[in-house]
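Asker: So you can see what is in the structure, the chains are spelled out below.
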Amino acid sequence: MEEIYSGLLRALELIAARDPQVVEITIRSFFISLSSAFLAGIICIPLGGIIEFRQFWGKRALINLIQTFYSLPTVTVGLLVFLLISRSGPLGGLNLLFSPSGMIFGQAILVSPIMIGLTITALAGVSTQIRDTAKSLGATEMQIIITVIKEARVAVMAAVLLGFGRALSEVGVAMMIGGNIRGYTRVLTTSIALETSMGNLELSMALGIILISISLAINLLLNRFQGR
Amino acid sequence: MDRNFLKMALVLMTLSVLCSAAGAVEGERLKLATTTSLQDTGLLDVIKDKFDEKYNVSLDVVSGGTGIAIQYGERGDVDVLVVHDKERELKFIKDGQGLERRCIAYNYFYLVGPKDDPAGVKGMNASQALAGIMEKGKIDPAKVMFISRGDNSGTHAREKLLWKKAGYNYSAVNSSGPWYIEAGQGMGATLNIANEKQAYTLSDMSTFMAYQGNLTLVPIIEGGSELLNVYVAMAVNPKKHPNVNCELANEFINYLVSAEGQDLIASYGTEKFGKPLFSAARGNCELMGCNATECAVPTSASCAAA
Numbered sequence: 001m002e003e004i005y006s007g008l009l010r011a012l013e014l015i016a017a018r019d020p021q022v023v024e025i026t027i028r029s030f031f032i033s034l035s036s037a038f039l040a041g042i043i044c045i046p047l048g049g050i051i052e053f054r055q056f057w058g059k060r061a062l063i064n065l066i067q068t069f070y071s072l073p074t075v076t077v078g079l080l081v082f083l084l085i086s087r088s089g090p091l092g093g094l095n096l097l098f099s100p101s102g103m104i105f106g107q108a109i110l111v112s113p114i115m116i117g118l119t120i121t122a123l124a125g126v127s128t129q130i131r132d133t134a135k136s137l138g139a140t141e142m143q144i145i146i147t148v149i150k151e152a153r154v155a156v157m158a159a160v161l162l163g164f165g166r167a168l169s170e171v172g173v174a175m176m177i178g179g180n181i182r183g184y185t186r187v188l189t190t191s192i193a194l195e196t197s198m199g200n201l202e203l204s205m206a207l208g209i210i211l212i213s214i215s216l217a218i219n220l221l222l223n224r225f226q227g228r
Numbered sequence: 001m002d003r004n005f006l007k008m009a010l011v012l013m014t015l016s017v018l019c020s021a022a023g024a025v026e027g028e029r030l031k032l033a034t035t036t037s038l039q040d041t042g043l044l045d046v047i048k049d050k051f052d053e054k055y056n057v058s059l060d061v062v063s064g065g066t067g068i069a070i071q072y073g074e075r076g077d078v079d080v081l082v083v084h085d086k087e088r089e090l091k092f093i094k095d096g097q098g099l100e101r102r103c104i105a106y107n108y109f110y111l112v113g114p115k116d117d118p119a120g121v122k123g124m125n126a127s128q129a130l131a132g133i134m135e136k137g138k139i140d141p142a143k144v145m146f147i148s149r150g151d152n153s154g155t156h157a158r159e160k161l162l163w164k165k166a167g168y169n170y171s172a173v174n175s176s177g178p179w180y181i182e183a184g185q186g187m188g189a190t191l192n193i194a195n196e197k198q199a200y201t202l203s204d205m206s207t208f209m210a211y212q213g214n215l216t217l218v219p220i221i222e223g224g225s226e227l228l229n230v231y232v233a234m235a236v237n238p239k240k241h242p243n244v245n246c247e248l249a250n251e252f253i254n255y256l257v258s259a260e261g262q263d264l265i266a267s268y269g270t271e272k273f274g275k276p277l278f279s280a281a282r283g284n285c286e287l288m289g290c291n292a293t294e295c296a297v298p299t300s301a302s303c304a305a306a
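Sequence lines, in order, name chains A and B. Going by my numbering, the first residue of the first sequence is number 1, and it counts up by one from there. Going by my numbering, the first residue of the second sequence is number 1, and it counts up by one from there.
No lab work stands behind these hints, which were simulated from the structure alone. Be a bit skeptical, because a hint or two may be false.
[What the hints assert, rightly or not] Some, not all, of what chain B presents toward chain A, calculated at C-beta under 7 Å:
| id | residue |
| --- | --- |
| 1 | E28 |
| 2 | D40 |
| 3 | V62 |
| 4 | R75 |
| 5 | G76 |
| 6 | E182 |
| 7 | G184 |
| 8 | G186 |
| 9 | A189 |
| 10 | N214 |
| 11 | K240 |
We put the CB at the ideal spot given by N, CA and C, even for glycine.
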């Protein structure tokens with residue numbers, strides 16, 4: 001118990017002193033995960049709209065499948081993306097492995113199911129009257145989707161922020177695709193794994209506290225949007 | 001509300017653009033796959049800083065066991081390897097995946113265990129000692145345990161070799177009872193487990209020394225040719241993988257075997273641990289069991305595609 005207490009104190013000291021290594025890793029984590037959430041967002045929100053508004057065979061099964069993938073194990077996604085972007089893989093020529101861009105790509109794939117699924121739920125919550133009104137005014141399908149997304153913007157924003165949270169806190173993709181390279185692809189979660197295995201528990205705890213603080217900030221932001 | 005939403009979206013977009021811009025300003029990078037022992041002890045951090053500055057490049061170090069490091073090499077995902085498992089290194093070269101072996105440093109493995117040596121193996125050679133641990137462990141697995149890396153690393157490969165020397169089939173050993181535990185983790189984590197369980201384990205000397213402060217385990221058997229641990233650098237063959245940065249890989253290997261690199265290796269750890277963690281390869285070619293090409297300075301390997 002005392003170890004946890006002293007570790008906590010030391011962790012707060014490290015944060016207060018703005019240890020350059022800690023600051024650098026935090027900023028990198030933030031940017032990589034934010035980019036992946038953004039990338040996933042611009043693809044998944046329209047995709048969610050299309051799935052919600054079109055009627056097609058197997059729609060229910062597709063939505064079930066997407067929801068199953070909410071809890072896709074991060075290491076499985078890591079492995080899949082590794083095989084894709086490794087030099088010997090189909091996308092090897094892009095030179096993405098062991099780079100921040102590769103991590104953004106991998107995390108975007110990881111958070112896509114959550115974003116598509118939550119977008120569908122968000123749009124389903126919008127009254128069908130709005131859809132019908134837009135249609136009767138002669139809107140095209142894309143215009144209808146945009147109108148409804150605007151109407152559900154708070155819930156859609158929540159989907160993006162949740163995706164960001166999942167990207168920020170995952171370790172599987174970051175480790176397997178980024179490789180935990182110091183000063184390049186080392187992020188909060190991979191540092192915690194490394195520092196713990198090296199026995200630097202205090203530094204690990206400091207990084208853990210930062211991670212939790214960011215999650216807390218995201219939640220507060222989310223609540224503000226939802227007007228609570 | 002509407003304004004807030006727009007602002008937020010704008011901030012998000014700006015941040016992402018900034019982020020991709022930061023990624024675009026990149027110098028030349030050299031990707032190195034290596035074993036956990038060189039990374040976790042901090043040696044590669046020191047080498048990276050000097051090498052980056054001298055050549056104005058960025059050395060990207062990906063660490064894992066020798067098994068996964070060689071995999072990265074075979075897939076063409078890295079430019080250069082520093083590993084420690086002679087058998088797999090020779091295969092890597094023979095398969096045309098690497099240019100040549102270049103011995104850069106050595107030290108020894110330690111068989112570490114509880115201070116009171118419950119299996120009573122002190123003074124034996126390493127393979128005899130493992131046999132002794134197995135014998136006692138089968139009788140009283142609560143008191144005598146062995147923790148294996150179990151992760152295909154160079155250290156794990158050496159452990160298998162020692163079992164073979166002791167006259168056992170490895171697949172019979174690792175299923176012979178609760179005294180044998182496979183950790184499936186890096187050296188540091190494995191040492192921590194062995195310490196918690198007060199068990200024996202095989203560790204490279206440098207990781208053991210770096211972790212010693214947190215451990216009550218002591219070296220039971222040290223030294224001896226069975227425990228010699230040679231680190232080897234190999235550039236990935238550009239004929240197999242045209243995208244690798246072979247010239248820079250050779251520069252890196254030459255830096256490691258240069259007087260400056262060898263001094264760095266030979267002195268690393270003296271300040272912190274009272275004695276160096278690694279011995280320089282310079283002048284110890286025969287002791288390491290390396291041949292003349294494997295000790296040539298600079299390396300004779302050529303990147304020219306034939």
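Asker: Each hint should be assessed against the structure and marked as holding or not.
Answerer: How the hints compare with the structure:
{"no.": "1", "hint": "E28", "verdict": "violated (13 Å)"}
{"no.": "2", "hint": "D40", "verdict": "holds (6 Å)"}
{"no.": "3", "hint": "V62", "verdict": "holds (4 Å)"}
{"no.": "4", "hint": "R75", "verdict": "holds (4 Å)"}
{"no.": "5", "hint": "G76", "verdict": "holds (4 Å)"}
{"no.": "6", "hint": "E182", "verdict": "violated (17 Å)"}
{"no.": "7", "hint": "G184", "verdict": "violated (13 Å)"}
{"no.": "8", "hint": "G186", "verdict": "holds (6 Å)"}
{"no.": "9", "hint": "A189", "verdict": "holds (5 Å)"}
{"no.": "10", "hint": "N214", "verdict": "holds (5 Å)"}
{"no.": "11", "hint": "K240", "verdict": "violated (10 Å)"}
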